[in-house]
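4 protein chains.
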Amino acid sequence: MRIDLNSVLGESFGPWPMGQDEALMASISSANVACGFHAGDPGAMRATIALAREKGVAIGAHPGFPDLVGFGRRELKATPQEVEDLVLYQVAALAGMAAAQGVTLQHVKAHGALYNMACRDRTLADAIAKAVASIDRSLILFGLPGSDLLRAGQAAGLRVAAEVFADRSYDADGSLTSRQKPGSVIHDTATVVARAVTMARDKQVVAVDGSTIGLQADTMCLHGDTPGAAALAKEIRRGLEAAGLRIAALRD
Amino acid sequence: MRIDLNSVLGESFGPWPMGQDEALMASISSANVACGFHAGDPGAMRATIALAREKGVAIGAHPGFPDLVGFGRRELKATPQEVEDLVLYQVAALAGMAAAQGVTLQHVKAHGALYNMACRDRTLADAIAKAVASIDRSLILFGLPGSDLLRAGQAAGLRVAAEVFADRSYDADGSLTSRQKPGSVIHDTATVVARAVTMARDKQVVAVDGSTIGLQADTMCLHGDTPGAAALAKEIRRGLEAAGLRIAALRD
Amino acid sequence: MRIDLNSVLGESFGPWPMGQDEALMASISSANVACGFHAGDPGAMRATIALAREKGVAIGAHPGFPDLVGFGRRELKATPQEVEDLVLYQVAALAGMAAAQGVTLQHVKAHGALYNMACRDRTLADAIAKAVASIDRSLILFGLPGSDLLRAGQAAGLRVAAEVFADRSYDADGSLTSRQKPGSVIHDTATVVARAVTMARDKQVVAVDGSTIGLQADTMCLHGDTPGAAALAKEIRRGLEAAGLRIAALRD
Amino acid sequence: MRIDLNSVLGESFGPWPMGQDEALMASISSANVACGFHAGDPGAMRATIALAREKGVAIGAHPGFPDLVGFGRRELKATPQEVEDLVLYQVAALAGMAAAQGVTLQHVKAHGALYNMACRDRTLADAIAKAVASIDRSLILFGLPGSDLLRAGQAAGLRVAAEVFADRSYDADGSLTSRQKPGSVIHDTATVVARAVTMARDKQVVAVDGSTIGLQADTMCLHGDTPGAAALAKEIRRGLEAAGLRIAALRD
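Protein chains in written order, with our numbering: chain A, 1 to 252; chain B, 253 to 504; chain C, 505 to 756; chain D, 757 to 1008.
To be clear, the hints were calculated from the coordinates, so they are not data collected in a lab.
Treat the hints with caution; some may be incorrect.
As the list claims (entries may be wrong) - Taking lysine to any residue pairs in the SDA-like style, the calculated list, with each CA pair at most 20 Å apart, reads:
1. K77/A - G112/A
2. K130/A - A302/B
3. K455/B - M253/B
4. K329/B - K886/D
5. K886/D - V607/C
Please model the complete structure; the sequences and the hints are all you need to start from.
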């Protein structure tokens, strides 16, 4: 039994630091690196790649919409062609910078609004999958379980990884509860750790209506930009290992 | 006897077109493609790669300073590390986009102020050469004859190409006459064509003081963004071929 | 009987020119000047203000989403607060630059996706109206006839101007026919001129279903960025004047 | 006896916070607000204006080069016309946003490389002074004592304020010791406070060679973006007040 733990790193920009990259690196097996459009800059990308390589953490690209002020979290009505192009550009930039340090990218996880839109819009999902496949067919595409993004990745011949969130509640249909609803984010550490174990080991989660549902879980997202993120990540990893799970990057 | 003819393409940005890419493609053997920092965007890059591939023109990266409004023509006091990072990012992005279309980059030519600064500043030149070598040691680095940029490229183990300008006057020491001086740009077509032949065939040029000087000439730059650029390019190519020169990309 | 003729100017950006500002200036009474977020830069804004002042054309701000590559035409899910802030910033920048040349802004017309979204979303419309009113309560707010944008302007105590398009077809409910539908843009010059006269003089238009509908028409938009735009603008102005209409800025 | 204490505020950008604005506000009399080119965004600008207004702190514009990644600290070879335009744009934007909250700008302080370049290049200094004067002749222009920037401001008919730094060492000619040299930044709090008092009260400073030199001191800069900045600011203010100085904005 194994699970990949991923988190976003390299979200600093110019003079502005963000996140607790060093501390998080100790808990995760895969790092999603921002590629310069919603966060990150060439210097931050180089440094994050170096850090991940040193720590033995697998690296993936984290392309987003070109929206620094909005941090890529605002929906942008881009065409599928535009999405394909901007994903291709960003993944290529990071892949080349990683290769310059002797590292091959493991995966691609779209960021923020791009990820959310592509999970439920097959044309955008296809655009992302096409871009990723055109760079390297061995890249693993991340997406929500049962999402259009995973379907598009499979249709493009890519290996995909279903991503779960231990600190988010789920509706009975397996989708994430809207962040607008109370209780959508779980703050109690013990509860989050327990859910993480159930997700990773049993491929199950208790939904908001109390029902227990199945949930494909190949990789688990640990948030990196909240206070206490590094501490929570450590607890989740400890809990998973105590439950007999091996934390390992997908490529391993 | 042979010479490479290069020109800048893909300098459109978003809704703003620039240049006469289609028309120029017929005259050149190598295209320098803008990479998004001073011009170009992911869509323009993809389209330019496709056009060059279709026309059999070799592709190179044309990285510049992050300065859209100034078109990368304004000197920016970036550190060598910053220059290395921004060149690496841009070349990697274009290389990956080209690979997605089955095309391998041939060369790297820095743009505008970055090119000019690196030709006379060895630390910046080394930064560029290091970035290029870390991506692909078979990339050819462009620079002015006798410049720090060429020396840095050679020191980094890269093949280099000395670049000449048929429509620019040269000082007796082989450097380009400052654009501030009258006569630094030659506008008469017949004169430009004649100088192109002398440069390409005899590796010589008549300097502003009337002396004839030797000039390494591996590739000749044809400007693409002036009115009449495509027509002038056609005349230069015709003149070179009439003088028995073969127009061929450096990789060929 | 009078009508204002407006067009977008100052959409150049850095090294990239756009539009036929000089030629259009002769036909219009009001210029919408891009403010740097989707087009325009400080130098272009200064030059456009100077040109409009010289020609006696009234100046308005044309704020848009921060999206150069998409030219402000892509919907961006910004919050009302974000919209208020970005409109305030852009209008303030142009107003100050105009004041530096002794010119007072006449109006504000939101650009592209921001305009379209605000015409049908009252919260965004209120955000724009609030920003405009906080700068200068005498500014005139442009919007489609019957739109939320006009209603928001009136609620904020602003004078508003209903804007019509002579080269666009209208549905029977007075809204613009979707650009996705064939015939939504009218290309025949004589037809466009005739419709312009009917709109400006009779405050009517023949809708796509053949019915004649009333249409508030305070200002008419002449497109500036298509080939032949300046020539068409000239014809429309000539036709309006021949029909006895006076072309005059709203402030006059 | 009085002195103005200024600090930079509003240097957050999008999702990235910077500085300790709330804490610093208690110690200063004038705030330099970033205007969106090297830091700050419309939302951050609005919030900073509101905070300064609430605390009774005077507001100035802090325009910089368009260089987010380099935080406006890298020299950019812009022309005087370009500098005039970008200063005009930024100051106008902030002035309008401040006016929307009922606040009139007090001063303009150029940021980073722009400030340093303009202090020793009269053509750039004139460009800045011209931009400022064209917006509002009652704006106070900040610059180093004896600098071209102050001279340009005076020539343009502006009131100027000579700015000193309590935590920086000075050469015998009254210029700041280069940051490359050891000891150029003073870290001992007691020493900094003592120097602040000497500067503010006696208009003198002990230079690196031990000589005591005169120094025009109208406003003192307190750094805001270092750890401990708010605490140091508090100590400086306390020390100045204990020495009988009144801390007051220049406008008061």
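Now the hints, each set against the structure:
no.	hint	result
1	K77/A - G112/A	holds (14 Å)
2	K130/A - A302/B	holds (16 Å)
3	K455/B - M253/B	holds (11 Å)
4	K329/B - K886/D	violated (25 Å)
5	K886/D - V607/C	holds (17 Å)
When the structure is compared with the earlier hints, a violation turns up for hint 4 alone.
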